[in-house]
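Peer 1: Each chain is listed here by its residues.
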Amino acid sequence: MKKSIAIAIIGLFLCSGMQSCKKMDLDPLGVLGEDALFGNEAGARKYVAGMYSYLPIEDFVYHPERGFRWDNYWQNPETLAAMSGEMTGQFWGIAGAQGFGYWPYDRIRNVNTLIAGLPKYKANYTEQGYNQIFGEAHFLRAFYYFALVKRYGGVPIIKDVQDPTADKEQLLVSRNKESEVYHFINEDLQVAISMMSGSSERGRANKYVAAALLSRAMLYAGSIAKYSSYSNLSGDATDKQLVGIKKEEAEWFFKQAYDAATTVLAGPYSLYNKNAQDKELNYVNLFLDLDSPEDILIKEYSLTAPHNNRLKHSYDATHLPNPTFSSDNESAAYPVLNVVELFGELPITDAGGKPIRYTDRKQLYADLEPRQRATFYFSGMELREGAERRSFDIQRGLYKTFPGKAADAQMGAGTAAINSESNRILAGPKNSLFDYNGTKINITGEHGMWKDGHANNTRTGFYIRKYINYKMSTKDVKLYNSTQPWKVFRLAEILLNKAEAAYELGLIKNDETLKQEAFQYIAQVRNRAGAKPYLYTAASANLSGKYGYPLDGNLQFIREERERELCFENHHWWDMRRWRIADVELNNFVPNSLMPYLVLDELKYAPGGERINSFIFIREKEPWNKTFNFEKKWYYEPIPGGELNKNPNLYPQNPIY
Amino acid sequence: MRTIYLLTALTGLLFLNACSKTDNYDGPNASMKGQVIDKLTSKPFMTGQGEFSIRLLETSWSDNPAPQDIAVKQDGSYNHTKLFQATYTLQPYGGAFWPAQKIEGYQLGANAEQNFEVTPYLQIKNVKWTLKAENKLEISCTLAAPITGGLPQVIEVRPFLSLTPYCGAGNRIDAYYKDEYRALINQNWENIGNMQTGEGKETYTIKDIPLKSGYTYYVRMGAKVRDTYEKFNYSAVEAIKVP
Numbered sequence: 096m097k098k099s100i101a102i103a104i105i106g107l108f109l110c111s112g113m114q115s116c117k118k119m120d121l122d123p124l125g126v127l128g129e130d131a132l133f134g135n136e137a138g139a140r141k142y143v144a145g146m147y148s149y150l151p152i153e154d155f156v157y158h159p160e161r162g163f164r165w166d167n168y169w170q171n172p173e174t175l176a177a178m179s180g181e182m183t184g185q186f187w188g189i190a191g192a193q194g195f196g197y198w199p200y201d202r203i204r205n206v207n208t209l210i211a212g213l214p215k216y217k218a219n220y221t222e223q224g225y226n227q228i229f230g231e232a233h234f235l236r237a238f239y240y241f242a243l244v245k246r247y248g249g250v251p252i253i254k255d256v257q258d259p260t261a262d263k264e265q266l267l268v269s270r271n272k273e274s275e276v277y278h279f280i281n282e283d284l285q286v287a288i289s290m291m292s293g294s295s296e297r298g299r300a301n302k303y304v305a306a307a308l309l310s311r312a313m314l315y316a317g318s319i320a321k322y323s324s325y326s327n328l329s330g331d332a333t334d335k336q337l338v339g340i341k342k343e344e345a346e347w348f349f350k351q352a353y354d355a356a357t358t359v360l361a362g363p364y365s366l367y368n369k370n371a372q373d374k375e376l377n378y379v380n381l382f383l384d385l386d387s388p389e390d391i392l393i394k395e396y397s398l399t400a401p402h403n404n405r406l407k408h409s410y411d412a413t414h415l416p417n418p419t420f421s422s423d424n425e426s427a428a429y430p431v432l433n434v435v436e437l438f439g440e441l442p443i444t445d446a447g448g449k450p451i452r453y454t455d456r457k458q459l460y461a462d463l464e465p466r467q468r469a470t471f472y473f474s475g476m477e478l479r480e481g482a483e484r485r486s487f488d489i490q491r492g493l494y495k496t497f498p499g500k501a502a503d504a505q506m507g508a509g510t511a512a513i514n515s516e517s518n519r520i521l522a523g524p525k526n527s528l529f530d531y532n533g534t535k536i537n538i539t540g541e542h543g544m545w546k547d548g549h550a551n552n553t554r555t556g557f558y559i560r561k562y563i564n565y566k567m568s569t570k571d572v573k574l575y576n577s578t579q580p581w582k583v584f585r586l587a588e589i590l591l592n593k594a595e596a597a598y599e600l601g602l603i604k605n606d607e608t609l610k611q612e613a614f615q616y617i618a619q620v621r622n623r624a625g626a627k628p629y630l631y632t633a634a635s636a637n638l639s640g641k642y643g644y645p646l647d648g649n650l651q652f653i654r655e656e657r658e659r660e661l662c663f664e665n666h667h668w669w670d671m672r673r674w675r676i677a678d679v680e681l682n683n684f685v686p687n688s689l690m691p692y693l694v695l696d697e698l699k700y701a702p703g704g705e706r707i708n709s710f711i712f713i714r715e716k717e718p719w720n721k722t723f724n725f726e727k728k729w730y731y732e733p734i735p736g737g738e739l740n741k742n743p744n745l746y747p748q749n750p751i752y
Numbered sequence: 002m003r004t005i006y007l008l009t010a011l012t013g014l015l016f017l018n019a020c021s022k023t024d025n026y027d028g029p030n031a032s033m034k035g036q037v038i039d040k041l042t043s044k045p046f047m048t049g050q051g052e053f054s055i056r057l058l059e060t061s062w063s064d065n066p067a068p069q070d071i072a073v074k075q076d077g078s079y080n081h082t083k084l085f086q087a088t089y090t091l092q093p094y095g096g097a098f099w100p101a102q103k104i105e106g107y108q109l110g111a112n113a114e115q116n117f118e119v120t121p122y123l124q125i126k127n128v129k130w131t132l133k134a135e136n137k138l139e140i141s142c143t144l145a146a147p148i149t150g151g152l153p154q155v156i157e158v159r160p161f162l163s164l165t166p167y168c169g170a171g172n173r174i175d176a177y178y179k180d181e182y183r184a185l186i187n188q189n190w191e192n193i194g195n196m197q198t199g200e201g202k203e204t205y206t207i208k209d210i211p212l213k214s215g216y217t218y219y220v221r222m223g224a225k226v227r228d229t230y231e232k233f234n235y236s237a238v239e240a241i242k243v244p
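Residue numbers (the working numbering), protein chains in the order written: chain A, 96 to 752; chain B, 2 to 244.
Chain B with its partners taken away, still in its complex shape (with noise of 0.2 Å):
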């Protein structure tokens, strides 16, 4: 009898064996990184962090590949270390900028650096601030146009606050992001701007944004377009002591 039981135990491992075809698949074992860059200045691509990505398409498979996403960092870089090895469509993707070539067929190795080259919708120009009485903050800036043909609608202008060096629509004090502190615009470049020269007539002050006492603020200027994505443009960060 013990036996039989034995044996009907034993016989139970053998199904244990039905997975035993291994995955001989390379993992994902590529990494590949870079930065975008601004292709008037020849810098960094400004932006606010996590804001764009750069959109993978890996051709290698299938015709209708599901679109990976890699986030764009704050200084315009981005980096990802597990990828695999195949054919990818590369484009810098829902940012704040002219849609950008796509680099098709690119072979992925095991290391790839890559940069991308985007022409921003605006440049925010000429931002000055001055600390008020009551610590209250008047900030200014003008826009200019790379490509004035085809812009779609300026919409807005506002400052982002933060109380770290990352500043932007995604790092952001809440209370400074009202209607009470944006200069709200919704025109065509032809009333705002020169078509020509792609220099803004208009200077936009935002006033009387109220700053507490002894913190130091990281501020930008952002605008934005109505094209598909409507993300910033933004101005460089710069801090402000509160004495």
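Excised from the complex, chain A in its bound form (with noise of 0.2 Å):
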């Protein structure tokens, strides 16, 4: 009897499944469809801010190696300028070169849909509400495809939104050439500027941040053109273009990227003005105020945004030292003395080859260049307000006596006789005191440098500042709590795009007026940044040794000029790609520091017992010989292995993979 009732229940169970006939085919609660997101404006703002969330913007949580949005915040200092030499630190050095197989046709697919569905709704907008949205989704498409031609050179054009039930010949697009994808790019471009108007909300694209994206793309094709021949990428992929752009189209690319720049520039924007006396203080700012007349597109953040949208990072707490300005991370990545000493050289040593004498560190940096002391935190300077106020003390040892010149110290080497360890101390990795004739002497800063080079404190005599919040308190400064936005576009970068337009199409064109009116873009980012007037001469140094192409002083003054502009903010590396001369300057370098260091026999003593130091800056080797290396085949990413795998039209792979 019981089993009869359990055959009974079960069979009633299954036949609960066996309602065939229902209709299945309906429409899911809680999906939105087409008509909700494309049929008026509310939709479409939601739909493109999941595109906005996705594109890929290499800002603070961009990881070279692992991608964009990666959450690992602890890796923020893992930056393209950890890469490009302008930073060194901890573990990490050239290891992203080859990408991340970054194949983002999924939210390209996403952007055609919406071109492809938009027109359908036109009815529901108003004409100006139309264009913007209409123009909006061109210049979303055209950031993805920059951000996979700069990485692979060309690759497939998929402007339609694929049948995925279609013939499998249809779907396995081939790569386009180069410059087709260039020039794709400019098309899609094009259409945004002229449909989109002069304004949006905060962190959304106009027509000038459409503008500000193609004299940047321009800028990066005409380069290519330019120079791709003299870096010899032979293969298949150089053969069928895939790579590399005739050198022909440079004028056309330079003359879109110049154009464009002008639109920009006809634009609403200023350079950033707002503390015009305190140009060293005006330069910081300009990279925290949330309303600055530069900025042409920022990405913001937020701490109460939901964790998976990845919007906050580390910035502070992963560049600064612990625990006086940071009280979770340490700092893993410092700029090298290289960098610094772009924006003019360091007072270090006299006529004579001996080093200056300074009492107070300070005085090392009172003359250079605002800008320069705003992108750099020297020793001695100073961070945070009231009872947290503290200065950066950085220090590499004691030196009992250094009567000779710098020279003597051979970078730093331990074989040098005046480097002996009687004569050199050094200490770490914790503080210690060293008994000169009675008297305790702190050896070694509390910002560094340790005598092993302790990872987490600057080995390179430096930190950085730019971008680093000083109004943040450090009890505050954690990973995951740093908000401050990043420049996805500002007015410097596109009057620096003009400028190397202008002067790359006067010397195409051999014309002297475009060159001259390249350095008056120059001159206004100079000046803001307080530094010395550019003396231009028609007839500048020949540096065509230096990268085995044509090269004058001019044009390595306008290039110069960009990276101590734009240092830190992950131009450098893509610009060493696009100059074809990341093989020239990263072929075994191994970057500078500068080390302070307190000489015993000088010091002094004050009538009240005060002592009155007598300090040295010596130009050494970074301690850990780290050395960056560029591969040749790193011009290109190697397209993923995986889309090949998938699609082998896509062969020929990139040269030298």
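Keep in mind the hints are simulated off the structure, nothing from the lab. Since this is a predicted model, take the numbers as computed values, not measurements.
Straight-line distance between alpha carbons at most 25 Å, and here's what the computed DSS-like set of lysine-lysine pairs gives:
| id | chain 1 | residue 1 | chain 2 | residue 2 |
| --- | --- | --- | --- | --- |
| 1 | A | Lys-716 | B | Lys-213 |
| 2 | A | Lys-342 | A | Lys-272 |
| 3 | A | Lys-394 | A | Lys-369 |
| 4 | A | Lys-716 | B | Lys-208 |
| 5 | A | Lys-407 | A | Lys-573 |
| 6 | B | Lys-103 | A | Lys-335 |
| 7 | B | Lys-179 | A | Lys-721 |
| 8 | A | Lys-699 | A | Lys-500 |
| 9 | A | Lys-641 | B | Lys-179 |
| 10 | B | Lys-74 | A | Lys-728 |
| 11 | A | Lys-546 | A | Lys-716 |
| 12 | B | Lys-74 | A | Lys-727 |
| 13 | A | Lys-728 | B | Lys-103 |
| 14 | B | Lys-179 | A | Lys-716 |
| 15 | B | Lys-179 | A | Lys-500 |
| 16 | A | Lys-641 | B | Lys-208 |
| 17 | B | Lys-137 | A | Lys-500 |
| 18 | A | Lys-457 | A | Lys-535 |
| 19 | A | Lys-727 | B | Lys-103 |
| 20 | A | Lys-500 | A | Lys-449 |
| 21 | A | Lys-546 | A | Lys-535 |
Reconstruct the complex from the two isolated chains, following the hints.
Peer 2: Below, the structure is given as structure tokens:
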């Protein structure tokens, strides 16, 4: 009996699954359909918000080896600047040069869906509203393609929504030429510029944002056209022009970059100059002020945003020393002396080559360019307010005596006679004292340099200041706790884009006026930075031996100005690639450090017993000897292996892989 | 009841037979070896251990095969014993020589021997070394270019030092691979050599290389041009005994 009841229950239960005649093809609840998303402005706004969230912006949470929106926030200092030799750091060097297989055709499909679907609902919009969103979609698509082309060279151009059930042959799309992709980006952005208006809510595109991207992309294409032949990347991909652009096209691309920059400069932007009296503070604030007239597009962060949006970062906690200025992580990357010196030589030796003596480390940077002081923290600079206010205290060690020239220290080599252990006293990792004739003297500074080159304190003698939020309290400087916005496009870059494009055009057309015009824009950037004006000469130095291609002193200055103004903003890596100089610049490159030492036999005491110091600054090799090399194949990243397996038409692979 | 358990357990065994189809293709039982020869000297091509390779494309199955590379040894020889018998395209690939001829449609049998001839970009000649006071090495050489037309820019000349007879860019004492021990050139051949005879005009000297007493160093000079791969052409390895 029991058994039959059980069977009956099971039987009934099975029957409950037999309702086969119900209509299954229903619109799902809780999922927004096309009409809800494309049919009105609020829906479209929601749709593009998702795309902005995944937009390939190389911001604070970008990891060159792991990708966009990378969650391990203690890895925030592993940036493109730590690959390009602008910074050196703890663990990470150039490992990200082959990228992470970025292949955002899913996102591109989302944009294509929008572009294809929107015209159906045109009647629901005002004309201006429709044009704005239609143009914005083209901007977004160009942004994705630019992120692809600068990594891989030519990639397949997909501008329609592919049907997944279509013929295999149709779905296995071949790569386009690198030049064709840049032309496609140009077309999309021209549509965006012509359709969008000149203003938008913060963080979204408008006409000028599209023009800013256009000027950057076309400048990249122009320099690749001009210089790619010098890097001699041969192979099938080069023969088919999947990588590299023909030299004849350089002029057209530079002209496009020039014109696009002109469009942006006609817009409502101006260089940030709210603290014109104090150019140093002005330059620091430029990166922190949310309401800056220089910003063309920024990406904002928020501590309250849901975590999976990755809308907070750890820039402060991973670039400042713990515990004085950070209460969580420590500094894992610091600027190298070579970049500091790009702004102008530091007064460290006198005419005879002897180290200059300083009673206070602050004197070293007193007369330097304001922008230089605003970009780096030198030993002696102060940070934080009130009780938390402290100086950066960086000291490598002590010399009992240093009678000779700076060169006697042989870049800090232990084998130099003056660096013998009895004369040069180093210590660490913890602060320790040296007994000099009965007086105890600190051997190292609180924030480095320790003997073993302690990883989380500077090994170069500097900390980064650009983008550091000095208004935070030290107790708030923690992982996942920084929200200063990232500058995607700012006006200074556009001025530098235009200067470079103008000068390159002047060279191609042999037009002296264009060349001189370039330096108007350079002058604007330098004036705001508080830098000395550059004296233009038509007959500037011939630097052709440097990279093996024609290069003059003026163009080199424009390039260096770009590095000075945009360093640590994830530009220089791409710039070195498009100029085809990375394999020369990063050939066995060991960064230099600037090490402050106290010279003991020169110490004096004031009548009150106060010590009068005698500091010297010695240029040394970075003590870990971390070496940067650039393999030539890295001018392009390899097409991801998984994609090649899915679609053999993507062959040939990029050169040398 | 027990029978039911037993039967259930045995039923499971039925599933284990699913993979009974056997792989009846031959394993990789072909081998291939040979020598890369310098076209000018007819001697083995001078290279470092594993610095370039013989690239094999197995064309029997697909138009876009993934390349297989057989590394070439320091004496210019190569050897691979686990290849499939198939049709291949062969080419010396990625070394410091002018692009080499491809051998297409090569039918690889069980045992094959295939030599390749390549023309180096540069020859390193007249290598002279002297050991100065305090065991400082001074070493010099000249260059020659077998083919001058279209030669990429010459980048640099530098010495390679090693404590074993294996010496080259991959087997080197890193401390000597520094900017101070190299001659940076970055010049086209017309500025540094004769375009007709191919002889270089200049002697490159690297001075003050500090060596340690009591060691035997193996030294060779290398030079490279700005081609795609930027590998070095070398001189012969010489042993230097430091007293």
